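*Asks:* So the sequences go chain by chain: A and B. The first sequence begins at 1 in our numbering and counts up by one. The second sequence begins at 1 in our numbering and counts up by one.
Be aware that one or more of the hints could be misleading.
Cut-off 27 Å, straight-line C-alpha distance, at most; resulting in silico cross-link-like pairs (DSSO-like, lysine-lysine) [stated by the list, open to error]:
| hint | chain 1 | residue 1 | chain 2 | residue 2 |
| --- | --- | --- | --- | --- |
| 1 | A | K153 | B | K179 |
| 2 | B | K179 | A | K147 |
| 3 | A | K150 | B | K281 |
Now the in silico label distances, taken between C-beta atoms and shown as ranges [to be verified]:
| hint | chain 1 | residue 1 | chain 2 | residue 2 | range |
| --- | --- | --- | --- | --- | --- |
| 4 | B | R10 | A | E30 | 39 to 45 Å |
| 5 | A | D10 | B | R10 | 25 to 31 Å |
| 6 | B | R23 | A | L49 | 55 to 61 Å |
| 7 | B | T181 | A | P73 | 21 to 27 Å |
| 8 | A | L37 | B | Q182 | 48 to 54 Å |
| 9 | B | G205 | A | G143 | 45 to 51 Å |
| 10 | A | L33 | B | F198 | 22 to 28 Å |
| 11 | A | V39 | B | F314 | 41 to 47 Å |
| 12 | A | V48 | B | R10 | 45 to 51 Å |
| 13 | B | E80 | A | L32 | 57 to 63 Å |
| 14 | A | L33 | B | V202 | 39 to 45 Å |
A few chain B residues that face chain A, going by a derived Cβ cut-off under 10 Å, partial list only [stated by the list, open to error]:
| hint | residue |
| --- | --- |
| 15 | G161 |
| 16 | K239 |
| 17 | H279 |
Because the hints were derived from the structure by calculation, they are not lab data. Predicted model, so just to flag it, every value in this text is computed and none were measured. We put the CB at the ideal spot given by N, CA and C, even for glycine.
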Amino acid sequence: MPAQSTRPLDDERSDVSAAATQAGRRSFLEWLLATLLVVTGATFVRPVLSYLSPRKSGKGAHVLLGTDGRSIPYARLATEPTLVGMGVDGEPTIVVRYAGETRAFSAVCTHLGCLVKWEAAKAEFICPCHNGHFDANGVNVAGPPPKPLKRFKVYATDRGEIGLEEVSA
Amino acid sequence: MKRLVTSVWRWIDTRLKLSDILRATLTEYMVPANLNFWHTLGFVLVTCFVIQVVTGMLLLMYYVPDTSRAFESVQYLSNEVPYGWLVRNIHAMTSHLFVLALFLHIASTVWMRAYRNPRELQWLSGMILLGLVLAAGLSGYLLPWSQLSYWATTVATNAAGSIPVVGDDLVLWIRGTPKVTQFTLGRFFAAHVSIIPFSILVLIGIHLLFLRLTGISVPGGEERGPVRRVPFFPHMVVKEIGSVFGFLILLNVLIFYFPQINFPADALIPANPLETPAHIKPHWYFLANYQFLKLVPSEFLGVILQVVGGIILFFLPFLDTGKRRSPLYNRLFYAVVGLSILGYIGLMVWGYYS
Chain A
1 MPAQSTRPLD DERSDVSAAA TQAGRRSFLE WLLATLLVVT GATFVRPVLS YLSPRKSGKG
61 AHVLLGTDGR SIPYARLATE PTLVGMGVDG EPTIVVRYAG ETRAFSAVCT HLGCLVKWEA
121 AKAEFICPCH NGHFDANGVN VAGPPPKPLK RFKVYATDRG EIGLEEVSA
Chain B
1 MKRLVTSVWR WIDTRLKLSD ILRATLTEYM VPANLNFWHT LGFVLVTCFV IQVVTGMLLL
61 MYYVPDTSRA FESVQYLSNE VPYGWLVRNI HAMTSHLFVL ALFLHIASTV WMRAYRNPRE
121 LQWLSGMILL GLVLAAGLSG YLLPWSQLSY WATTVATNAA GSIPVVGDDL VLWIRGTPKV
181 TQFTLGRFFA AHVSIIPFSI LVLIGIHLLF LRLTGISVPG GEERGPVRRV PFFPHMVVKE
241 IGSVFGFLIL LNVLIFYFPQ INFPADALIP ANPLETPAHI KPHWYFLANY QFLKLVPSEF
301 LGVILQVVGG IILFFLPFLD TGKRRSPLYN RLFYAVVGLS ILGYIGLMVW GYYS
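The whole structure should be built from the sequences, with the hints applied where relevant.
*Replies:* Laid out in structure tokens, this is it:
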């Protein structure tokens, strides 16, 4: 007669219960480790995003600067009807004398960011990249540009520089 | 000498079992016997990547990522450093051939419909690689800080501004400042020399792992019956080396007979943020997108249509499912793919001459 298993049923039950407890501990440990990794990773998110965040300069009144970083004298407008320089927030800015008035616009075409040129004969700003046209008020009149050029108020500062101020839309 | 080499090899092999690995990956790895030129493009692409990494390391020894010195450093490298012109030309020209080989690899995969079950993940990793290679081209274009690089980057990054809601912020994050400046050069430099190449390396590994796990697709399709198989080495390796040498011949012809491809007049003038040169155009591989933007009256619509096209291409394995399809479906599929390829080439040529 073959030998019967002498192992009591209670022992088998306790084995199952121990295995279940071990599995419970293991899943808790896995959960704990996963949480630890996520929290550790999360602590780096803010510093990394801040490190990569774009630089912005403050808004407000600025003066027109040349490529050498020096301000352009207002008196130059008397001899040169068109001036291009860096304006508010370093924005390439075009200043023109037209119909006895000094006007300043962002030189950045609203289509894809090329710089517009002033065509005095046509009284238009023209973008060389995709042939966008803007009238003397900076309004887009032909070609692909979707909106007008940004306009600035122009004035002579106390130091004789070309002052620029954003005109709110 | 031969005995010394053999004993050194044996010493290493007994510890690392390299000969077992080589046997498993070369002579015991069986591939379909009817693989053709189109299946060798992956190896050409890996070769391109290696060339770019090696020449890139050499260029780094002289390049200065500073807006006031970048142009001058590239000129010095090209004109004063012995063979600097060659290293720069190889790097620039290989970037074109890298994209060309990648386009051909993708087109052939679509034509053979090799992206279908079970190779969907391989396709997705390949699509991400395409994005990374194009990003490498775009970021590398800015580094010489010439009129061409400055304005092509300005136009290319501005296009992202048309994406609704997030467009303006996206442009700002790409550039680091509202305009292309030193901050942009710093970002593009970091991306070009470390982030993108490292990501490409990891993804090539993943792509090749998927290839080994799913197996190379059979020309004509697996469903046509049993396929005769041959060892990867020497059969496939010989074909791949043939394609690589064909690529190297083309590279040499372009470098020595058509070096001006990389250096139009605007590439020889330092960047001037206050003067846009006339007729600025992007790289040839962005010309179709550029021309499409010019043709569609609304910039927003032009960008959205291209984004939708990209999404369709990315998820192609999930749109073209099933092993067998009706002849009408197949004819329609090849008509759409053929017209898309022709349309893309047509827009590219139009963009070049417009």
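*Asks:* Hint numbers the structure violates, sorted upward?
*Replies:* 5, 6, 8, 11, 14 and 16
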